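Colleague: Here's the letter readout for the chains.
2 protein chains.
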Amino acid sequence: MKIGIYGYGNLGKGVENAIKQNNDMELFGVFTRRNPDSLKLSTVGAKAYSADDILKYKKDIDVLIICGGSATDLPHMTPALAENFNVVDSFDTHADIPKHFENVDSVAKKSGKTAMISVGWDPGMFSLNRLYASAILPEGKDYTFWGKGVSQGHSDAIRRIEGVIDARQYTCPVESAVEAVRRGENPELTTRQKHTRLCFVVAEEGADLRRIENEIKTMPKYFADYDTTVNFITKEELDRDHSGIPHGGMVIRTGKTGAEGENTHVIEYKLTLDSNPEFTASVLIAYARAVYRLNKKGDIGCKTVFDIAPCELSPLSGDELRAHLL
Amino acid sequence: MKIGIYGYGNLGKGVENAIKQNNDMELFGVFTRRNPDSLKLSTVGAKAYSADDILKYKKDIDVLIICGGSATDLPHMTPALAENFNVVDSFDTHADIPKHFENVDSVAKKSGKTAMISVGWDPGMFSLNRLYASAILPEGKDYTFWGKGVSQGHSDAIRRIEGVIDARQYTCPVESAVEAVRRGENPELTTRQKHTRLCFVVAEEGADLRRIENEIKTMPKYFADYDTTVNFITKEELDRDHSGIPHGGMVIRTGKTGAEGENTHVIEYKLTLDSNPEFTASVLIAYARAVYRLNKKGDIGCKTVFDIAPCELSPLSGDELRAHLL
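Protein chains in written order, with the numbering used here: chain U, 1 to 326; chain P, 1 to 326.
Honestly, I wouldn't trust all of these hints.
It does not matter which identical chain is meant; a pair holds if it fits inside one copy or across any two.
[Stated by the list, open to error] Capping the alpha-carbon separation at 25 Å, the derived lysine-lysine pairs in DSS-like fashion look like this: (1) K141 to K270; (2) K256 to K40; (3) K256 to K148; (4) K217 to K148; (5) K20 to K256; (6) K256 to K2; (7) K20 to K141; (8) K40 to K20; (9) K297 to K2; (10) K256 to K270; (11) K20 to K296; (12) K296 to K235; (13) K221 to K58; (14) K59 to K141; (15) K194 to K270; (16) K217 to K56; (17) K56 to K99; (18) K148 to K59; (19) K221 to K256.
Simulated from the structure, these hints should not be mistaken for lab results.
Small disclaimer: the values here were computed from a predicted structure and weren't measured.
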């Protein structure tokens, strides 16, 4: 199957690498709003095209992976592209998913295309695990912890403070809270009790470090509700020690069974990722396979990870899956 | 939906309790090969029936959960019952799954019923996690560890030794092996390096303990390939400290992404279960909901967990799932 990539940032590059790991796929090309000649693809035989020309390649692309941002790109890009393509996106603004779903669904049903939204790890694999675990243990409670990992949004928020040259923010789960959850104690946890925020900041020479630290720690929404640690380091240290984009986290559900609820069970799904965008890209590509197959069967409209039978993600046949993985 | 239970051992009793946690289900009755008057159900309004009479209740049961053993019961029970019922079983002899699938599938396709086999946690939830993780990280390797948990088969094997009154065997993962896997080292592990076996044995008075210990440790297939520890205890200690049926384990896959495979990712799914049969029963009941819905849609034949879209397990609507769990 031929894959198109729409947008060539970290996520788009991750998709390009992920395609190379799957023999049943090839990259047709990358579509960009920048000058296509400025892009250096790593795939032999694939080309960069202007996003404006994409309709010319309607018949050449089986599934288009849309690698835009959730804030301003995907809300209009995904419905627009679903008019002509089977698409997958990683829309991750949880509160706006129902609206995005409706928009994409109405377009895809009219165009006869299959569109998947909110594919990745959260939303995505974490959502799946919340669903499976809650269906199995209805009398229980689930918890999602993120990290240790880099939050781009929080890093950007620090960079906007006067006197800051660069910054990297890590979200960290509070280990004692995780342990209480694993023990089945079903604790009520405040925002502060679940996660801490760890910041590495490069300040301008002579900047007022105390003011910067205070501005970070009191920033509403981003930091004020958390225990935040601020470390000032040099640009060299930041580049040397904090250039990766690791992330991860866990979904834990504990629940009771038995005549009197006397037995406790813990279901835990945990991700430890060296590269957040590359892992997300790998999930996108597995679901691109499902989108391709669903569309061939005439199963059109908007889908999420909840709607896709697991076998559709694998290149193996049903016989092979039952013989080797069941 | 009305659920029937076929077989009333630990698993059947677990299913009875699990039904009570799900408002959209009720127990119609339990079918037994024993004298039905000897059964004491815990569900008000449900009755015990002779297994011989089950065809009389064809129209009263939406889904029948078959709670028999994999060795001798399920290979003939599931195909026979799929002639007249939508069924779910927990067939767990991994090597015989393809054959069992074929047998059940041909019957269910003729009868127009929907039949699910090998539902539980392994096969079942562990299989799902092997599939998802291998589809996402094709360049990787997965490992399944079991325990710490009670193996009924190994406990039974010890009980057959002369001079043994009772026994309980725990399968334990080797922590250093688990840690090496989590670190992404992709170790090659022998049977002995993955699990140890811990035995608690009650011997007859005057029995030759050294002979019993030796017979256990050298028993082919069951113990000879493992580091085995044998503890002799009293019947009172066994009943006091080892009467539960805990189990669990983990599926871990590590894989590489990036242009040069420079980034490592770890996906871990872990279960810690106070009661193996009750958790298995909870999984069976969640999939009974899916079987009911699939049959209503005309999706007949034999299915496994690989074939079922996750949304079919939940009592919530698509809108609710997207709004609250995605």
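Colleague: For every hint, state whether the structure bears it out.
Modeller: How the hints compare with the structure:
Proximity of K141 to K270 under the C-alpha cut-off of 25 Å is found in both arrangements, the shortest distances being 17 Å within a copy and 16 Å between copies. When the C-alpha separation of K256 and K40 is checked against a cutoff of 25 Å, the pair qualifies only between copies, where the shortest distance is 23 Å, while the shortest distance within a copy is 54 Å. In this assembly of identical chains, the alpha carbons of K256 and K148 lie at most 25 Å apart only when taken from different copies (19 Å versus 29 Å within one copy). Taking the closest pair of Cα atoms, K217 and K148 come within 25 Å of each other only inside a single copy of the chain (19 Å); across copies the shortest separation is 44 Å, beyond that limit.
Only between protomers do K20 and K256 lie at most 25 Å apart by alpha-carbon distance; the minimum there is 12 Å, versus 44 Å within a single protomer. For the identical chains of this complex, K256 and K2 are inter-copy neighbours only, at 23 Å across copies versus 47 Å inside a copy, given an alpha-carbon limit of 25 Å. Only between protomers do K20 and K141 lie at most 25 Å apart by alpha-carbon distance; the minimum there is 18 Å, versus 39 Å within a single protomer. In this assembly of identical chains, K40 and K20 lie within 25 Å of each other by CA distance solely inside one copy; the values are 16 Å within and 60 Å between copies.
When the C-alpha separation of K297 and K2 is checked against a cutoff of 25 Å, the pair qualifies only within one copy, where the shortest distance is 17 Å, while the shortest distance between copies is 32 Å. For the homomeric pair K256 and K270, the shortest alpha-carbon distances inside one copy (21 Å) and between copies (17 Å) are both at most 25 Å. Only within a single protomer do K20 and K296 lie at most 25 Å apart by alpha-carbon distance; the minimum there is 23 Å, versus 41 Å between protomers. Taking the shortest Cα distances, K296 and K235 never come within 25 Å of each other, neither inside one copy (51 Å) nor across copies (62 Å).
Taking CA atoms no more than 25 Å apart as the test, K221 paired with K58 passes in neither setting, with 42 Å inside one copy and 58 Å between copies. Taking the shortest Cα distances, K59 and K141 never come within 25 Å of each other, neither inside one copy (47 Å) nor across copies (36 Å). In this assembly of identical chains, the alpha carbons of K194 and K270 lie at most 25 Å apart whether taken from the same copy (16 Å) or from different copies (21 Å). For the homomeric pair K217 and K56, neither the shortest alpha-carbon distance inside one copy (50 Å) nor that between copies (70 Å) is at most 25 Å.
When the C-alpha separation of K56 and K99 is checked against a cutoff of 25 Å, the pair qualifies neither within a copy, at 29 Å, nor between copies, at 49 Å. Taking the closest pair of Cα atoms, K148 and K59 never come within 25 Å of each other, the shortest separation being 43 Å inside a single copy and 54 Å across copies. Taking the closest pair of Cα atoms, K221 and K256 never come within 25 Å of each other, the shortest separation being 35 Å inside a single copy and 35 Å across copies.
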